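Build the complex: two chains, separate frames, hints provided.
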Amino acid sequence: SAVISQKPSRDICQRGTSLTIQCQVDSQVTMMFWYRQQPGQSLTLIATANQGSEATYESGFVIDKFPISRPNLTFSTLTVSNMSPEDSSIYLCSVAGQGYEQYFGPGTRLTVT
Amino acid sequence: AQSVTQPDIHITVSEGASLELRCNYSYGATPYLFWYVQSPGQGLQLLLKYFSGDTLVQGIKGFEAEFKRSQSSFNLRKPSVHWSDAAEYFCAVGAPRVNTGFQKLVFGTGTRLLVSP
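Those protein sequence lines, which keep their order, are chains X and Z. For the record, in the first sequence the residue sitting at position 28 is 28 according to the numbering used here, with numbers rising by one throughout. Numbers in the numbering used here are just positions in the second sequence, counted from 1, shifted up by 1000.
In isolation and in its complexed conformation, chain Z is listed as follows (with noise of 0.2 Å):
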């Protein structure tokens, strides 16, 4: 079965630094992968996905991520954080079911990520 893990629970970056959260995934085959950020009383919005192909993908409000198989990670980065970008950050991984064809997502733990003046 399929896992995803995050290993950083909170993150604190100053404004106009760079940011890196991590997420490490556990999947037999190519994975489809996600980034999701949620604001305070908010549902998910989706960043960005992998699929296949570059495995550097762009996302909405500037961030990438990089596919890494031989790493089995796929970590979300911004050049320069901005203090609207303190959210909490969801990795997830996913497969399609064979007799159905959707996919189950399955979410990692969250990065909450704060940001500093």
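Only chain X is shown next, with the shape it has when bound in the complex (with noise of 0.2 Å):
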């Protein structure tokens, strides 16, 4: 399995304010995807990340609110745009393996104050 690396791990930031996270992947991958997981919640796909084209998000995701970012096979940002406490989660990056599983990211804490 693919071994993925997420930073920040934990942040603290103020509403209004954006945050960039990243997802580094050890080997070249077709898919990523990005994770929300709200507290005490399940984890909710926020968008899949293809590289080269447009990432495609889920119903209730829009591209200003969590611009995505596929530069190459191994690496993908997600940015929170203008946060609001509510944007308070856990967020995961996660790569597809061969047999349809995904392999998921340490995550990255996210509080808004």
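Treat the hints as calculated values from the structure; they're not laboratory data. All figures in this text were calculated on a predicted structure; none of them were measured in a lab. Certain hints may be false.
Okay, derived cross-link-like pairs now, DSS-like style, lysine-lysine, Cα gap no bigger than 25 Å in a straight line [unchecked claim]:
hint, chain 1, residue 1, chain 2, residue 2
1, X, Lys-7, X, Lys-65
2, X, Lys-7, Z, Lys-1104
3, Z, Lys-1104, Z, Lys-1049
4, Z, Lys-1049, Z, Lys-1068
5, Z, Lys-1061, Z, Lys-1049
6, Z, Lys-1104, X, Lys-65
Far from chain X, some chain Z residues (derived; all Cβ distances over 12 Å) [what the hints assert, rightly or not]:
hint, residue
7, Val-1013
8, Arg-1022
9, Tyr-1036
10, Gln-1042
11, Thr-1055
12, Lys-1068
13, Ser-1072
14, Asp-1085
15, Ala-1092
16, Ala-1095
Every residue gets a Cβ at the ideal spot worked out from N, C-alpha and C, and that includes glycine.
Set out below in structure tokens:
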């Protein structure tokens, strides 16, 4: 399975600001995914990021709020824009395995004050 | 659309006792099913997966799960729980998307396992 790292591991931000989360994979992967895990909740898919194309967003998530970059096959970023306390969550990136499973990074714990 | 139900929010098990975590899914075709574990402050780790074939699948850390199509269930089991198994467990169902080929995973709400001495 791929080894996935995320930066930062945690952050405390003020409302109205933006935070960019980085996801690095130790091997080339076609698809990367971004999930949100709100406090005490399950995981919800935000978007799917393909290298060289626009990210595909799930219902309820928009590019203006969660812009994603995918410059190459080992790296992606997710930006949480114009943050509010409701954006306080754990943000996780994942990559697809060979058998449709997904492997997850350690997550970024975001607190918005 | 697919969905996953984990009816137990919390479960407490004595160390050394057996464990069964319930998972029910809703999906029209043959599902791809997964169990993940999330320890405090950690990301998700894949315990096991089911795609086809033998309905009893073995995973890491001594876990196993049984797929029962008639009951739309994929329950996770372990014969003897260790204190280090205390964590949040998520069941997930996936379905390939025709256009892109990738699979969207839909997660249940999770079951928090507490292990008592």
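Here is what the structure says about each hint:
Restraint check for X:Lys-7 and X:Lys-65: satisfied, since their Cα atoms lie roughly 19 Å apart, inside the 25 Å limit. For the proposed pair X:Lys-7 and Z:Lys-1104, the alpha carbon gap of about 24 Å is at most 25 Å, so the pair holds. For the hint pairing Z:Lys-1104 with Z:Lys-1049, the CA-to-CA distance comes to about 15 Å; that is within 25 Å, so the pair holds. Proximity of Z:Lys-1049 to Z:Lys-1068 is assessed by CA-CA distance (about 14 Å); at most 25 Å being required, the pair is judged to hold.
For the hint pairing Z:Lys-1061 with Z:Lys-1049, the CA-to-CA distance comes to about 14 Å; that is within 25 Å, so the pair holds. With a C-alpha separation of about 21 Å, the suggested pair Z:Lys-1104 and X:Lys-65 falls inside the 25 Å cut-off, and the hint holds. The beta carbon of Z:Val-1013 is kept farther than 12 Å from every beta carbon of chain X, the shortest such distance being approximately 21 Å. The beta carbon of Z:Arg-1022 is kept farther than 12 Å from every beta carbon of chain X, the shortest such distance being approximately 15 Å.
For Z:Tyr-1036, the requirement that its beta carbon stay farther than 12 Å from each beta carbon of chain X is not met, with the minimum near 8 Å. Here Z:Gln-1042 does not stay apart from chain X, with its beta-carbon only about 6 Å from theirs, under the 12 Å limit. Taking the minimum C-beta to C-beta distance to chain X, about 17 Å, the non-interface status of Z:Thr-1055 holds against the 12 Å cut. Z:Lys-1068, annotated as away from the interface, keeps every beta carbon of chain X farther than 12 Å; the closest lies near 20 Å.
Distance check on Z:Ser-1072: its Cβ is at least 18 Å (rounded) from any Cβ of chain X, clearing the 12 Å threshold; non-interface status holds. Look at Z:Asp-1085: its CB is around 19 Å from the nearest CB on chain X, clear of 12 Å, so calling it non-interface holds up. In this structure Z:Ala-1092 is not separated from chain X by more than 12 Å, as the shortest Cβ-Cβ distance comes to only about 8 Å. Interface exclusion of Z:Ala-1095 from chain X breaks down, the closest Cβ pair being 9 Å apart, not more than 12 Å.
Hint compliance for this structure: hints 9, 10, 15, 16 are not met, and every other hint is.
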